[in-house]
Structures are given as C-alpha cells and as structure tokens.
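Visitor: Order-wise, the sequence lines are chains V and R.
Just so we're aligned, residue 1 is where the first sequence starts under the working numbering, counting upward by one.
Just so we're aligned, residue 459 is where the second sequence starts under the working numbering, counting upward by one.
Nothing false has been slipped in among the hints.
Quick look at which bits of chain R chain V covers, simulated, 3 or more residues with Cβ under 8 Å:
1. 498-511
2. 514-522
3. 529-537
4. 540-548
If you only want the chain V side, here are some residues facing chain R, beta carbon under 10 Å, derived:
5. S20
6. N21
7. F42
8. D44
9. L47
10. V53
11. L54
12. L78
13. H83
14. S147
15. P284
16. L289
17. I290
18. M301
With a cut-off of at most 16 Å between alpha-carbon atoms, the simulated EDC-like pairs for lysine to aspartate or glutamate come out as follows:
19. V/K412 / V/D396
20. R/K539 / V/D143
21. V/K76 / R/E505
22. V/K76 / R/D513
23. R/K539 / V/D88
24. V/K76 / R/E512
25. V/K75 / V/D293
If you are wondering where the hints come from, they were derived from the structure by calculation, not from laboratory data.
Where is the CB? At the ideal position from N, CA and C, for every residue including glycine.
The lines below spell out each chain.
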Amino acid sequence: SSLAPWIPVVGLEIHAQISSNSKLFSGSQVQFAAPPNSLVSFFDASLPGTLPVLNRRCVEAAVMTGLALNCSINKKSLFDRKHYFYADLPAGYQITQQRVPIAVNGSLSYSLCIDNKMSQMVTKTVRIKQIQLEQDSGKSLHDDTRSQTLVDLNRAGVGLMEVVMEPDMCCGEEAAAAVRELQLILQTLGSSQAVMAEGQLRVDANVSVHHPGEPYGVRTEVKNINSIRFLAKAIDYEIQRQIEELENGGTILNETRAFDSKLGCTVPMRDKEGKQDYRFMPEPNLPPLILYDAQSLPANMNHQQVINIDWIHERLPDLPSVKREKLVEQYGILPEHSFTLLNEDGLAEFFESVVEQTQMKPKKVIGWIIKDLLGYLKQHSLTVKESPVSSFLLADLLNLLEKKEISSTAAKRVLAELWKGEGKTPLEIVKEQKLELLRDQKELEQICQAVIDGQENE
Amino acid sequence: QKVSVEVLDHLEHLALVDFRDSEGVERLQKAIQFADQLHEVNTDGVEPMDSVLEDRCLYLREDDVTEGNCTKALLENAREKVEEYFVAPPGNIPLPKLEERETFLQGS
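Bound-form chain V, shown alone (with noise of 0.2 Å):
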C-alpha cells in the first residue's frame, strides 16, 4: 500500500420526515401505511389549479430543530423549485429552501467510544451547514416483470427537514456516531420520529479521499442506507475502494452509488441522464416566510399566524446531552451508562423508576439495569416497554438483597425466574425455592455440624 497516507472525508445529507398530522402544504393526512393513493389530495398530485399553503407545525418543528443545532435562525427564509422529472414527482419539481433556508450555522456534538472499550469516550462535533424545508416525493415500486413503475403518492408532500452536516467527518463510526445523536435530538425534541425502518430518516453520505496537504479529492454520494449499522459499513466500504481504486492508478467519477447491504459494497446507480440541472427558481406561489422573536413581534397580528423565536426556545425540552449530565449528577453513575440509558427507549425512565422504589443505591441498581434486565431485553429481542420484569418487581428483588434477606447468586435466579412472567413476586420465589440467607447464627452452626459429622463418617 502506498507510502503517503490518506484522509478520509465524510460529509452527510439527512431527510427527516417531520412528525405533524398533515403535508408540507397541504392537508392530506401523513401516515405510514395506507391504501395506496388514500392519503392524496388534488395539490399533491398536482392537479392544475392547486396552490401550495404552508403548515405551520412544519416551520415550528424546523425552528425546534434549528435551535436544538445551536443554528442561526434566518426570520426570513425564501422557497424555491427543484426540478427533474421522476414518475413519483407529480410537479416535475419539487418545493424546497435552495437560497435561504430557514436555519444556517449550527453544530452537533456527539460521543465515540475510542477502541470499542465504553469506558473511554471522546467528543467530537460536526458542522452543520443549513437546515431547510421540503417536500418528500412519492413512493416508486418497480415491477421489473412487467416492465413498468406503480406510483403511490401518499408520500408525496410530506414535510421533510434537510439537515446538511459539513464533511467534518471522517469515517463510517463518526457519522453512525452524529446521526444516532440527531436521532435522539429529533425524538426527544419530536419533531420527527426519525425511525430509519420506516423511511423518517434518510441518510446520503458524501465520500472522498485525499493526501495531507493536498486539496480534497472528487466526492461520490452514497445512497439507499437504511440503518445506522449499514451506514457506517458503507461509508468505510466507499474510503476503501476508493483509496484502492487510486493506488492502483484509477480516478474517482463524480456520481451517485447505491449501497447494497446484501454484498456489502457500493455500486453505480444508472446515470444515464449525466449531471442534473435543476433550474432552480422561486416559488412565485409562496411568499418569504417571516419568523419572528420577543424584539420583533408584531403588536396587532392574528396571534395564529405569528411564530416566535423566543416562545419555542424557552420551551425546548433538555436535549439528551442535557439528560445525560443530569443522570450522571443526580445518580453518581458514569458517563458511559448515561449513554447506555438515553441509547434504549424508555430505560432511563425504567432506571429512574425503580431508584425511586428502592433503599439500594443507584450505584448498584446501574448494574442490574445494564448488565441483567437490558442484557436479558437484547437476549429476546424485546423493547423496555415490552419487559416481563416490570420496575416495580425488580425494585422489590433488589430490596431483599439489600436488606441482606438474600445473597446476590440468590438474586440473579430469582430474576431469572422473574422473566418468566408467571406473576409471582420475588418473596414468593424467594420462598418458593428456599433461597433465603440464613442469618440465625444457632441454626447456621448446626448445618456446618452436619457438614462436618457427614465428612467424618466417609
């Protein structure tokens, strides 16, 4: 391999479908599953005639998440058309925020465990570059059989926050790293459910390579990502065939290249059309979109049609970086589990719960939420929500062993039979399988009699 080493760039291109009732600019409803075509109204199959009108719980929810990523806000951002042809584009372009989006200069810190090992965590932040508002596109099915494309439009319209990270990364477990935290910002926030299985969060990476020192070389883009594992699996597929492909003498083509998860490796997306041209224009329909904070709030207008700055910041809910400190102070427990707990959907909530009902310290209790209940959760595959052994059972368990009424080995059996869900309590194991310490000093000397009677009689 060659002698000069190279430097990984890593740049990222988020869709985040925002979570509200109704589209972008229409009032069809935004659902998951649904009879094709059910959730379609005239705008989003861009019959003549329609015009577009903006929903106001998409511009709060870009706000919240603009804040959230320390951006700027722009109190004047513009909407504009994209332009292509695609079947699932009924309009032959699509509405999105090319000139001013409505929040620019923000950053994101997230955390990566250095060499695997949970205890040693570094922090690290991305750039992000705008956040601007659009529209998603239907859904294409390709019946290759038959030779044609079905198009469901239920999709069509949905709003979607663009988050454009900077290509301050530079490998596959930095940017599985920053997009897992956004995740967790956009749930927590809710402005998006952002469940990557079900195509709330889409991810395109921008790869490239090049010498220290030299400047940064050509970029593909990669997509068809549909989790945060195959994210970083192809991004560090991509570093390496492209690091090959120039020490072998080749060059990088500026395209687009889809991910197979199956093979693991990244592969051209047919481009027979070349480099796009989108002809970006304004959107005449739309006029800009004023925002506006305590200073500039306008004395006599209609108070629905007014959003404040201020207002949504004052009540931004603590953000998960937030939490985890707060964990870490109030419960003395270590950064790391603070992670682990945020990580799992309703485990810090669960850890909470059960600190509160029991005399043991939170200290210990982290052991017992970590290492046995989560540990028995990914065993099965099962969510928090979904656990056999609720808080209130497991603070009881955890009670007996720390009034010393039954040893730790004994605890663990207990839990183990705990999972089972047969409805009993942890006393009635306890009894049940005759499990209890034995404190009466009488009772323990004569046991160790017979022991020892026993031994002498062989």
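We have chain V; now place chain R onto it with these hints.
Guide: Frame of chain V; chain R shown alone:
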C-alpha cells in the same frame, strides 16, 4: 449573440421542448434579446426582487387533516392503473444524445 447548439440541446433535454425548426430557435433568440433589455437598468445597491408577493404575509395553516381520501377521483384520469397505483414506465427514458436523434439542431 446567438444561442449555441449545446445550450439548445441542453434545453431540449431538460425541459423536453422541441424547437422543431429554425423559426422556433429564432423566437427563443428574440425572447432572450427582449429580456436582455433589463441589463440597461442600473441596479447597483438595489436588493433584487424575486416575487411581487414579497410584502405579502405568508399564510400559515393549522396542522389539521382536511383533504385526501379521494383515490377514485384521482385515478379517474389515469390511462393505466394497477390496484389503485398509477402506472409509469420503468424509469426515465432520457432524450437520446444529439448525434443519435432526428432533430434539425444537428444541421446547425
């Protein structure tokens, strides 16, 4: 200043228009010349206006479900449908390259 064949070819690809004959191209040239008169106005220091709506208030709609559920009406005009899906060709069929298609532009 004439519009080049490359630009005309590019426009035919992007917009799927067909300039058809020299008269069509001439019309385009005249339209561009007409619009170019805008350059005669000194706009130094003037913020560009891109919409006559720029002083209007952008109306914000409440997030309620008020439309949809009209599959039948939507599919009524579709020439082909399969179980309530619209039917489209398997992919974009791009305009063949200039050399490969019959267009008067080739002669230019």
